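Engineer: With these hints in hand, go ahead and build the complete structure from the sequences.
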Amino acid sequence: MATEAPTAGEYIVHHLTHFNSTGHAQKAVIDWSILNLDTLFFSIALGVITLFFLIRAANKATAGVPGRFQAAVEILVEMVADQAKGIVHSAESRKFVAPVALTVFLWIFVMNSMDFLPVDLLPRIWATVSGNEHAYLRVVPTADLNGTLGMSIGVLLLCLYYNVKIKGMSGWVHELFTAPFGSHPLLYPINFLMQMIEFLAKTISHGMRLFGNMYAGELIFMLIALLGGTATVFGFVGHIIAGSIWAVFHILIVALQAFIFMMLTLVYIGQAHESH
Amino acid sequence: MNLNATLIAQLVVFFILAWVTMKFVWPPIVKALDERAKKIADGLAAADKAKADLSHAEKKVVEEMRKARESAGDMRAVAEKQAATVLDEARAEAARIIAQAREAAQGEAGAAAQRAKEALRDQVANLAVAGAERILRREINAQVHADLLANLKQELQ
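Protein sequences appear in the order of chains A and B. Positions 1 to 276 (the UniProt record's numbering) are the ones given, in order, by the first sequence. Positions 1 to 157 (the UniProt record's numbering) are the ones given, in order, by the second sequence.
Read the hints as simulated data drawn from the structure, not as lab findings. Note that this is a predicted model, so its numbers are computed, not measured. A few of these clues could be false.
Below, computed lysine-lysine pairings styled on DSS-like, alpha-carbon distance capped at 27 Å [unchecked claim]: (1) A/Lys85 with B/Lys31; (2) A/Lys85 with B/Lys39; (3) B/Lys38 with A/Lys85; (4) B/Lys23 with A/Lys85; (5) A/Lys95 with B/Lys81.
To spell it out: a stretch of chain B is covered by chain A in this simulated footprint if at least three of its residues, at any positions, have a beta carbon under 8 Å from a beta carbon of chain A; those stretches are [to be verified]: (6) 2–15; (7) 18–28; (8) 32–39.
Computed beta-carbon distance windows for the label pairs [claimed, not checked]: (9) B/Ala47 with A/Thr62: 18 to 24 Å; (10) B/Ala47 with A/Gly238: 56 to 62 Å; (11) B/Leu44 with A/Thr128: 17 to 23 Å; (12) A/Lys165 with B/Lys39: 32 to 38 Å; (13) A/Glu175 with B/Pro27: 42 to 48 Å; (14) B/Ala50 with A/Ser244: 52 to 58 Å.
Where is the CB? At the ideal position from N, CA and C, for every residue including glycine.
Structural biologist: Written as structure tokens, this is what we have:
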């Protein structure tokens, strides 16, 4: 942090600003020329680490007695495979959809888990390493709307792909205009409008739900850190108590949100397989 | 809460990670799980079969034991019966031999007594004839009275 202590407002804003390709905070709400380097770095690094461990488990997988790590991975795979089997009724699609669900679950789980690191730890290290005291850094990729919407749009693309693949182009277009209200020329525009709203709402809410949970969680960790930052006995004790409680509670949110994102991915793709 | 190109990058990363999982993670693990499930199922089936075999064998053993006991009882009964028969036969044989011996002994004793009697009679006759001869030597002509003597001898016998 700066040599003179920042105000609470400055502290929060500083922590909520991304380290992006321009080096300063993004002004416009949407600016396609900017990349959030912190989000990309942490999401790719965590994804690669996750896959590294998964591939190690996969290479060691045998039908014999599994080790603890292998058993843990197998439990996860089994859980995802069971869920996928219950929701997506196409063995051919499951070959890709189930791995997608597993990836999504584990990747989001580890990205969410970045919240458990002390809020100032990595930003402080980064500020020291980069030599810039005011360097920005956000360590939770899922608390970045770009990250979560990127994934939910990925799921949307999969939905569109499976809609066309399962129902055929004409079958899907037919469904777009005749469902949910029925086949009547007067109802075509209403049906189409409803379908578009449905796709939009599904995708936005899918990404927003995860983002909102993680963003709020991160914010509360910052507020708790501010409490400790008052450097009083009350602040110190409050920081420890509130921080512990919120961290424990946040374990639930981290796992739950990862699970919800995975389940919704399966449900949306499963819907693409069903005709109205 | 600003949108930027990170969204597109994240979208690409999402698909790359999913593809890698589909290619290198999912198939080996699922294959191992299926194989293990099959192995366990086979093991359980084998255990069931072994259990069934065991109970079958136990039943068979009980049955065999019962049969053996039965046949042993039968054999003893037969043997006892046979022993009794042999004993009876031996007893009968012994009785027969004794009777035969007794009969033979009695016959022999009778014959001997007869022979003795005859010998005695002969001797008595001879003695009587000899006595008579001595008495009559002078008065009686042997040739004349030979018939008489023979008759006497015959009568004595």
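Engineer: If a hint holds in the structure, say so; if it does not, say that too.
Structural biologist: Hints and how they fare:
1. Taken as a hint, the A/Lys85 and B/Lys31 pair is honoured in the structure, with Cα atoms around 16 Å apart against an allowance of 27 Å.
2. Restraint check: the Cα-Cα separation between A/Lys85 and B/Lys39 comes to about 22 Å, which is no more than 27 Å; the hinted pair holds.
3. For the hint linking B/Lys38 to A/Lys85, the alpha-carbon distance of about 19 Å falls within 27 Å, and the restraint holds.
4. Between B/Lys23 and A/Lys85 the CA atoms are separated by roughly 19 Å; this keeps the pair inside 27 Å, and the hint holds.
5. A C-alpha spacing of about 83 Å is found between A/Lys95 and B/Lys81, which places the hinted pair above 27 Å, so the restraint is violated.
6. Proximity of the segment 2–15 of chain B to chain A, defined as three or more residues with a beta carbon under 8 Å from a beta carbon of that chain, is established by the 13 residues found.
7. For the segment 18–28 of chain B, the stated coverage by chain A is satisfied: 9 residues place a CB nearer than 8 Å to a CB of that chain, which reaches the threshold of 3.
8. Residues of the segment 32–39 of chain B lying with their CB closer than 8 Å to a CB of chain A number 6, which satisfies the three-residue condition for coverage.
9. For the hinted restraint 18 to 24 Å between B/Ala47 and A/Thr62, the CB-CB distance of approximately 22 Å keeps it satisfied.
10. Checked against the hint of 56 to 62 Å, the pair B/Ala47 and A/Gly238 passes, with Cβ atoms roughly 60 Å apart.
11. B/Leu44 and A/Thr128 have their C-beta atoms about 60 Å apart, which leaves the hinted 17 to 23 Å range violated.
12. Look at A/Lys165 against B/Lys39: about 36 Å separates their beta carbons, and that is inside 32 to 38 Å.
13. At about 33 Å, the beta-carbon gap between A/Glu175 and B/Pro27 misses the expected band of 42 to 48 Å.
14. Distance hint check: the CB atoms of B/Ala50 and A/Ser244 are about 54 Å apart, consistent with the given range 52 to 58 Å.
In this structure, the hints that do not hold are numbers 5, 11 and 13, in rising order.
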